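K.L.:
Single-letter residue listing:
Number of protein chains: 6
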Amino acid sequence: MSTVKLWTDEEINAHPDLKLVFDDIRQVRKSEFVNNFWRALANHPTQLKNTWEQLKVVMMSEGELSPMVRELIYIAVSTTNGCSYCVHSHTAAARAKGMTDGQYSELQSVIAMAAQTNALATALQVPVDAVFDLSGS
Amino acid sequence: MSTVKLWTDEEINAHPDLKLVFDDIRQVRKSEFVNNFWRALANHPTQLKNTWEQLKVVMMSEGELSPMVRELIYIAVSTTNGCSYCVHSHTAAARAKGMTDGQYSELQSVIAMAAQTNALATALQVPVDAVFDLSGS
Amino acid sequence: MSTVKLWTDEEINAHPDLKLVFDDIRQVRKSEFVNNFWRALANHPTQLKNTWEQLKVVMMSEGELSPMVRELIYIAVSTTNGCSYCVHSHTAAARAKGMTDGQYSELQSVIAMAAQTNALATALQVPVDAVFDLSGS
Amino acid sequence: MSTVKLWTDEEINAHPDLKLVFDDIRQVRKSEFVNNFWRALANHPTQLKNTWEQLKVVMMSEGELSPMVRELIYIAVSTTNGCSYCVHSHTAAARAKGMTDGQYSELQSVIAMAAQTNALATALQVPVDAVFDLSGS
Amino acid sequence: MSTVKLWTDEEINAHPDLKLVFDDIRQVRKSEFVNNFWRALANHPTQLKNTWEQLKVVMMSEGELSPMVRELIYIAVSTTNGCSYCVHSHTAAARAKGMTDGQYSELQSVIAMAAQTNALATALQVPVDAVFDLSGS
Amino acid sequence: MSTVKLWTDEEINAHPDLKLVFDDIRQVRKSEFVNNFWRALANHPTQLKNTWEQLKVVMMSEGELSPMVRELIYIAVSTTNGCSYCVHSHTAAARAKGMTDGQYSELQSVIAMAAQTNALATALQVPVDAVFDLSGS
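Residue numbers (this note's numbering), protein chains in the order written: chain A, -6 to 130; chain B, -6 to 130; chain C, -6 to 130; chain D, -6 to 130; chain E, -6 to 130; chain F, -6 to 130.
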C-alpha cells in the first residue's frame, strides 16, 4: 500500500508531460514495463521529470564505473537504508545489467562485512587516524 | 575519543596472539601502519583474530568483483550508516587499491542519488512490483 | 503481521483502564476510528497511557508550530527511519490537519534534498565550521 | 577531518566555474561566509553546481511551505540520519530564517516523540491500517 | 517477496552440504521448523554455513550474558535498523528462550527511551564529556 | 561543538527549577558529576525535567530486567543509531552498573552479529514466516 495514487498507463497517456517522461523511460530501458516508483512520482510531474533526468545522468551516462557497478553501490545504500522497494528494484536492475550470481553473492558478503565492522567501530568509538585526513587544513 | 584502550605496538608485541595478527595485517597490506580499528579490537583477542580473518576472505580473496569495487560498496554502506571512522578508513583503502578521482566522484553521485530516491520511495511507500519477486513461493 | 496481539474494541471495553484511553483518543480526534498502533500498545496499559498523554502534549498542545507543521516534521523523521507504519499514519494525520497536495509535494522535495546532501556531507566527512558552535565552551 | 581537500577562497577564485557558484552563494545568502560543505564539493565542479542549483529551488523558491519550515524538516532528516555536519549547518540556517527558541524547542520535542513511537511501531511490527492506503489498486 | 529463491526441504535434501547445515539447525534448536532466513541463504552454501557457525558461537555458546539477554540485544539492534524480518524472528527466539511479557514490555520501554534521547543528543549535537574517553591517548 | 549553550553549575544554580533537577540527578546517581546531555537540555526546562523523570522510571525502577541489562540494550540502540554521545555515556553507565569486560565483549559480538544478519535479511528481502505472526487478526 502507498500514501499516494499509482498512475495507470491510461491516466499517464492523458497527460502529455507525464507521457513524455514515460515514453523516454520505455525507450531508454528498451522495455514496456514501467515500475511503481514512477507511477507514484507521477503525482508531481516536476519531481517525476527531474528525478528521471538526474537518474539517467548518474546511472547511465559514460563514466569510469560501469552501470552494473553503480547498481551494486545503489543496492548497498538501499540495503543499509532498509528501503525494501529500492532493494527489490535495483537488484532487478543489476541483474538486467549483467550481475552474475557470484557477483551478487560477493556483494552480500561485502555489505554484511561492512555492517558488522561499522557496528564495531561505532560501539568502540574508534578515533579516526590522523593519516586519513585530507582536508588540507 | 574511544570507549576502550587503544593498544600501542609495544603492548601488542608483548602478547604473542595479538602480535601474530598484527604481523599478518602488516604483511598482507605491505605497510607498517596499523590503524586504530585493530588497536581497539585488541582488547578482545578472539574478535580481533576473527574479524581480520573474515575481512581477508571477504575483501581480498579471488572473486568476480575487484578489491577496489568491494571498497566502493564498503564506502556506500559506511556512508549510509553514518560511520565516520569507516568512511575515512575505507576511502583510504579504496585509494590504495587504485580508486581514481573520477571514480570517487561517481561513487558520491550514486550514493547521493540512491539516498534521494530511497527517501522518495519510503515517503510515498511505493509497493513492490510483483515482477521483482523471486521467492518462488 | 505483528509481534503482539492487536486488541479489538470488545476486548478494550472489558478493561476500564484501556477503555479510558481509547475513549479519550476518540474524543480528542473526533473520530470513532482507532488505528492499530494503539491496539498493539494495549498489551502494556502503562505504555499505552503514557505514550498517548505525551503525544497529546507534543503534537496537539498550544505552541509556536502549527499541528500540521509538527506532522510534517513527524513524517520527515518516520521516512528517514524507514518506519512504514509511521509514514502511513502520520501522512494521514497531516492530511486530516490540512496538508495540501502542494505542501506534501514540497515536503517530499525537502526530505529528498536533505537525504542527498546528508549523504554527500557524510561521504566527504565535511568538518563542522567553527561558526556553527554555540556550546559556549 | 575530511576525506577531500577543502578549497580556500584563493583557490576558488582561480577557477572561473567554481567562482561563479561561490559568487551566487554569497549573493543569494547576502553573506560573505561560505561553509565547508561547498568547499568540499568544489573538488567536483559539476556536483557543486548541480547541488547548489537544486538546493536553491527546493529550499528557497516560492512555495506553500515557508523557507523556515523547510529548514525544520531538513533538521529532522539530518538528526535522524545522525549527520553531524547537516544538523549544525541547517540549525544555523533555520535560525537565520527566523526560527525562535520556542520553535526550536518544539522541533526537538516532535523529533524525539517521533523517534520514540517509530521505535515502538517497529518493535511491535504494527500492521498498516487498510484505511491509510491511497494506492488506488 | 524476496530477491532470491527460498529453498524447500526437498531441494535442501538433494544437496548434501546444505542438508548438513539444516540438520544441525534442527538438532541445535530441537525443532523441525527452519525459518526463511536460512532458506534464502541456501543460494550461497558458504554464506549459509559460515553465518550459522558464527551465530551458534555468538548467540548460544557459554558466556556471561544469558542467551535470552543476547536475544534482547538482537531485537534492539533489529528494531533500530528497521529490519522487519529480524524483529519478528528474534522476538520469537527471545520468547522461546524464556522472555516474559514483563521483560518484553521493559525491552520496548528501553528501546523507545534510547530512541528518544538519541534523537535529542543528535539534535543538540552534545559534545562528548572528556571523562568518557578511555582511549589512553 | 553543540547547537545550543551548555549550562554551567553557576548558571544552573541561579534557576531554582533547573537546580531541583540537577540536585536530583546528583542524589540518584550518588555523584557530583553531571554530564553534558543535561547541560544541553537545560535550555528547555520542561524537556529537562520530563526526560529525567522518564529516564528514572525506564532505567532505574524495579523490574524484571536488571539496570545493567537495560544499559546493554541502550548501548545496542545507540550504536545502531550511530549516536556517538549516547554510546559514550551509556557505556560509562553500564560500567558503573557492573558491566564486566567479558560482558562488554559479548555485547559487541551480539551487536556486530545482528548488524551482519540484519544486512543479509534486508539485502535478500527475506519474507517473514507466517509462524512469527501474533496479531491474532
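Any given hint could be a false lead.
What the hints assert, rightly or not - Cut-off 25 Å, straight-line C-alpha distance, at most; resulting in silico cross-link-like pairs (DSS-like, lysine-lysine):
#1 F:Lys49 / C:Lys49
#2 D:Lys(-2) / D:Lys12
#3 A:Lys42 / D:Lys42
#4 B:Lys42 / E:Lys49
#5 F:Lys49 / C:Lys42
#6 C:Lys42 / A:Lys(-2)
#7 F:Lys90 / B:Lys(-2)
I should point out that these hints are in silico values taken from the structure, not numbers from a laboratory. All values reported here derive from a predicted model rather than from experimental measurement.
K.L.:
Hints first: check each against the structure and report whether it holds.
P.N.:
Each hint tested on the structure:
no.: 1; hint: F:Lys49 / C:Lys49; in the structure: holds, 22 Å
no.: 2; hint: D:Lys(-2) / D:Lys12; in the structure: holds, 17 Å
no.: 3; hint: A:Lys42 / D:Lys42; in the structure: holds, 19 Å
no.: 4; hint: B:Lys42 / E:Lys49; in the structure: holds, 18 Å
no.: 5; hint: F:Lys49 / C:Lys42; in the structure: holds, 18 Å
no.: 6; hint: C:Lys42 / A:Lys(-2); in the structure: violated, 35 Å
no.: 7; hint: F:Lys90 / B:Lys(-2); in the structure: holds, 20 Å
The structure fails hint 6 only (numbered hints given earlier).
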